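Given chain D's structure and the hints, the job is docking chains P, C and V onto it.
Number of protein chains: 4
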Amino acid sequence: MRHCSGGSLSLSSVAVSIVGASGYSGIELVRILSRHPHIALQSLFANASVGKRVDEVYPWFRGSVGKTFEPYSVEAACKSDLIFIALPSGDAMSIVPRLLDRGKKVIDLGGDFRLQDPELYTRYYPHTHASPQYLTNAVYGLPELNRKSIAGAQLIANPGCYPTSAIIPLFPLLKAGIINSSGITISSLSGVSGAGRRTSIDLSFAEVNETVKAYKVGTHQHTPEIQTILSDATRKPVSITFVPHLIPISRGIFTSIYANLEGDCAVTDILQIYDRHYTNEPFVRYTPSSSPEIKNVIHTNYVDIGFYTHPENNQLIVLSTIDNLVKGAAGQAVQNMNIMYGFEEREGLR
Amino acid sequence: MRHCSGGSLSLSSVAVSIVGASGYSGIELVRILSRHPHIALQSLFANASVGKRVDEVYPWFRGSVGKTFEPYSVEAACKSDLIFIALPSGDAMSIVPRLLDRGKKVIDLGGDFRLQDPELYTRYYPHTHASPQYLTNAVYGLPELNRKSIAGAQLIANPGCYPTSAIIPLFPLLKAGIINSSGITISSLSGVSGAGRRTSIDLSFAEVNETVKAYKVGTHQHTPEIQTILSDATRKPVSITFVPHLIPISRGIFTSIYANLEGDCAVTDILQIYDRHYTNEPFVRYTPSSSPEIKNVIHTNYVDIGFYTHPENNQLIVLSTIDNLVKGAAGQAVQNMNIMYGFEEREGLR
Amino acid sequence: MRHCSGGSLSLSSVAVSIVGASGYSGIELVRILSRHPHIALQSLFANASVGKRVDEVYPWFRGSVGKTFEPYSVEAACKSDLIFIALPSGDAMSIVPRLLDRGKKVIDLGGDFRLQDPELYTRYYPHTHASPQYLTNAVYGLPELNRKSIAGAQLIANPGCYPTSAIIPLFPLLKAGIINSSGITISSLSGVSGAGRRTSIDLSFAEVNETVKAYKVGTHQHTPEIQTILSDATRKPVSITFVPHLIPISRGIFTSIYANLEGDCAVTDILQIYDRHYTNEPFVRYTPSSSPEIKNVIHTNYVDIGFYTHPENNQLIVLSTIDNLVKGAAGQAVQNMNIMYGFEEREGLR
Amino acid sequence: MRHCSGGSLSLSSVAVSIVGASGYSGIELVRILSRHPHIALQSLFANASVGKRVDEVYPWFRGSVGKTFEPYSVEAACKSDLIFIALPSGDAMSIVPRLLDRGKKVIDLGGDFRLQDPELYTRYYPHTHASPQYLTNAVYGLPELNRKSIAGAQLIANPGCYPTSAIIPLFPLLKAGIINSSGITISSLSGVSGAGRRTSIDLSFAEVNETVKAYKVGTHQHTPEIQTILSDATRKPVSITFVPHLIPISRGIFTSIYANLEGDCAVTDILQIYDRHYTNEPFVRYTPSSSPEIKNVIHTNYVDIGFYTHPENNQLIVLSTIDNLVKGAAGQAVQNMNIMYGFEEREGLR
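Chains as they are written, first to last, in my numbering: chain D, -9 to 340; chain P, -9 to 340; chain C, -9 to 340; chain V, -9 to 340.
Since the hints were made in silico from the structure, they are not lab data.
Some hints could be false.
Any copy, or any two copies together, can satisfy a pair, since identical chains are not distinguished.
Derived DSBU-like pairs (lysine-lysine); straight-line CA-CA distance at most 35 Å [to be verified]:
no.	residue 1	residue 2
1	K57	K206
2	K226	K206
3	K94	K42
4	K69	K206
5	K69	K165
6	K57	K94
7	K69	K226
8	K42	K226
9	K57	K69
10	K94	K69
11	K138	K94
12	K42	K57
13	K42	K69
14	K57	K226
15	K138	K42
16	K165	K206
The structure presented is a predicted model; accordingly, all values stated were derived computationally and were not measured.
Next comes chain D alone, as it looks inside the complex (with noise of 0.2 Å):
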């Protein structure tokens, strides 16, 4: 980090590199950081694209940023305070332990450091983890949870995006003990980009266009990290069912949880228990009675909870919604860095 000198107008300026940069959740943190008033963006590591500028691959950015992604280099990257990492999972694994022991700051955006327990990894991701002993290190950078530990981390798993729709919702709730800490069911849809830039006849917008369909039913890796995450943090055993969708928009997530109630409990209740953990939270909105919907997030860094209870089934409906490319990664991931440097915490995100 490079103080700038006196005046009204100095600002620390942030030194920060991108590996990834070329994919849906990289080029999104270009596009925030790039708008950041305290951020020095320097280069943007990339695969396919090496070679190419940035407005040249996504022309979006003619005018604004004319940056050329690179190859990535431990050396190259260390030339930066602060490195994200928007990899698929299992590639951050052995690029992140090297700039640590360089003393450099991390943001994984992927899954490689979300979970503790490198055993519970390998029964969810499709390979073994290379390096164990870093699990440990990570924070796991839900601002909403953990926001005193990410001032202060060196590294942070940046949470998934299913899981940031559903941990922000069901904490506080399962905190209260108003529902049942088994037995939760998360039903969650998502836009297309959720899986990646990357060719795929699945992916293809004849394939996808028109239908929905379920898919890594009760397997998906987010299971775990959603349980693990919030049965820490509530100190219960905490045990979920989640089906993801896949819908034909381009961006968002919409989560709808079903809670068995503990007791009678009102709408009101639900609001107040909320009201305790985010009146004072900047990017959480939540309405009683009401559906939030996807396009009042779009491009923003909000999380969006609404809930209703339905005493016939003595059940508790919440439903939230993000984006998944701005709260449910690269908004969020800037969010934990506003925090690690001590910035406004809507800083670039607003």
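Then chains P, C and V, alone, in the frame of chain D:
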């Protein structure tokens, strides 16, 4: 009904009219019935489109259907043997009794005759019931449940789209006692045509595209329909939580059902139960450990079912999909008609 | 062709195979031919999907088509009377000659036999032509132009999707001399299935949704196809500017044609010309001063045409629309087959 | 306008109100102006939404804009320095004169003051003009053409969305005499928000999705706007054929222009012409032999242009794209405001 003369190929030709023929369900009936070999399509009754040709309002029909929408009258309707009613809920209940009194057969695609308890009707629909004495005349037209009663019925209450997608997969499981009859969660996604052909800012492209919202959470009129039909059929008090969501596709419903297992149960057990009930059903397809997809049922009368057990949470996950305008409306109505008149059940629906 | 014996139901049954049956055009052929009353569908040849059942790759077919995709061999293909080729352009030209030499009839849905000049072929396609001596054997399979030659052809070059949408509306106008044969502008919009079933980042949902781009501006291989077919048919040198655009729909083509009028001309004059040519055409529908819409032709073999004069600029505007996979590919191929075998031309296409 | 006191950072703050603030263009103005550093957003006038909070109608604004929609009154409007009018065409012409008479500055986003000839207005709009004497007061607010006059204007007629996409690419070419000023064909595609926020069966999702149609062929009110602006600016009688099409995207316009070249001309000649006019334009981007894409301009004030020569037909093809609600409406209006008040032209639009 006019009987054709002689020979092994002789067929009855049923004279049929449609009330509300210009809406999405009505026009789907026109599409199917105009190609049905045993049907003489007579009057197409409409409101706003009266005096216009079918192929003027829906140019898709140019060269095949040249009829003109007429204003409704009992006299004109009674020239037919069978009358389909495809009106918004609330509009059929004053029309149907007069047709029944004249000895006509009626298939009502709306919700007016699906609940046998007028008080329950009033609680979920925005009006009181005008003809409660006719409620018990109606047979709930789900062939997979009521084929025999349908064959002899004068009045068919054609099932709702969501209930069709939920009752078919749930009935065998409840009957077998393999899932708990309370605490069932039904999370459904519907395309926009499910809301009918009407003007509303909430249905306009720019409002609906690239977003998702839930609506009528816990209060949708299909909740009591699902509960009472399943309770009656299984003689157990079935209790559900039902949440419909609107997604940006034109047609199709995807329903995700979460139920608590009664004791140990593997996917193969579920498969056996479905085999027992549905092996010979012409329009039910099911696959263990596989998600159905809306695109596989579009423009067909099929319901596709997939199912998974989730032992960690002691849950069963059942996924189903239908075309809301075919198996969820017009196709099922024609299937009922085929049963009523002894036609091959798939006639017109292949 | 095997003749069935005796009785009033006896029909000729043509044995048919499809090479490239698992692509979008190929599977549309399966859909149509599996319901065609005079066809015995034999081998479905594919590449990547070999060994898989049709209804495994396309579950829509469950309950109707149970065949398995086979690897291609001349021997297997020659068990059929007629072979449809639905391969990417460039792949048919080495396969077709051997089938013709064996006396088989062939309908090629690709571009390999549409241009009779091998040099022109090489200029617009990314390879030289392997079988130039067979080019003059092919009859261009546009029934509205070449019905008689089609009836006696051994090899049909099935028209491209864009050319179908342009030649049908243009031919009568050029023939009548009512528009100038040069300076014709053709601006076409295509759904994504037009690009075939293949993996490409450019076809992925998140890239194609909510956007439009033009491609191959002035260099598309359908340019010489439109020009030579129209020039030959009208005996005038026809010169066009053709610009295709990709739009976010699954299927359908919308073509806007702008031509200079030769002298005064009213919409009624255009109507008379179309009446003269197309009154009895089973799949051409046209309306003065009215725009066609893609949704009116989807899943049909129709081409819908609308037309306007614009006297201020001395121009004629003709708009046309087809389903690119039906009239633009598989449907037209079946129409050609019906003509070749003397079946009713609409058989299988209603 | 209130002048802030002292110092190099002192800025003027302009008091601004919006009439028709709840429509799509109006709310886009709210979005941009609420983040503009030199603007004090005052009254938001609306009709149907009066009394509702902005973030109630558009929950996207929760946490940022808490204002309430008010009923319009001249008195309330005149508390502002500048009034934006974002009403349907025909509604501004009776409101604007009274504001001008009170000395207020006005930017009208509708069509009421774009044509200086009232007879021409009446021919293309469905009403006569109520304030013809004010027509000549208006400056056509296209900065790329009229920056100087805009700076001193009291009334700005903000350009139509289609004209913006056509005039910017055409003006330099006509000025240079490189294309013929008659026989220009303009084929435009628009997203559904271009039709405004209103209820109509023609704009409902199930009608618009998966289809394309042309509308107002040759009769659209933007035809005379394009013709007169280009004729006045180039002092040549410009004559166009303009055909707009509706496509299933939420926002964005893609315009394809076909013009006849005057003599030999290469793509590099076109490039030089654009360089001469637009090198320093902050919101014009252009690339030879490359198609622009709607997604590259969405939520920006850019117009992106690509161009090709087609020597075989002696034609020039120019493709352009804008966000219809930004450069095609609210963004351009703010750009005009920035020019009028001497702010940096990109303020609020980055």
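Verification of the supplied hints:
no. : hint           : in the structure
1   : K57 with K206  : between (38 Å within a copy, 28 Å between copies)
2   : K226 with K206 : both (26 Å within a copy, 33 Å between copies)
3   : K94 with K42   : within (27 Å within a copy, 50 Å between copies)
4   : K69 with K206  : neither (40 Å within a copy, 43 Å between copies)
5   : K69 with K165  : neither (42 Å within a copy, 51 Å between copies)
6   : K57 with K94   : within (23 Å within a copy, 45 Å between copies)
7   : K69 with K226  : neither (43 Å within a copy, 59 Å between copies)
8   : K42 with K226  : neither (50 Å within a copy, 43 Å between copies)
9   : K57 with K69   : within (16 Å within a copy, 46 Å between copies)
10  : K94 with K69   : within (9 Å within a copy, 55 Å between copies)
11  : K138 with K94  : within (19 Å within a copy, 52 Å between copies)
12  : K42 with K57   : within (9 Å within a copy, 45 Å between copies)
13  : K42 with K69   : within (21 Å within a copy, 52 Å between copies)
14  : K57 with K226  : neither (48 Å within a copy, 43 Å between copies)
15  : K138 with K42  : neither (39 Å within a copy, 39 Å between copies)
16  : K165 with K206 : both (29 Å within a copy, 28 Å between copies)
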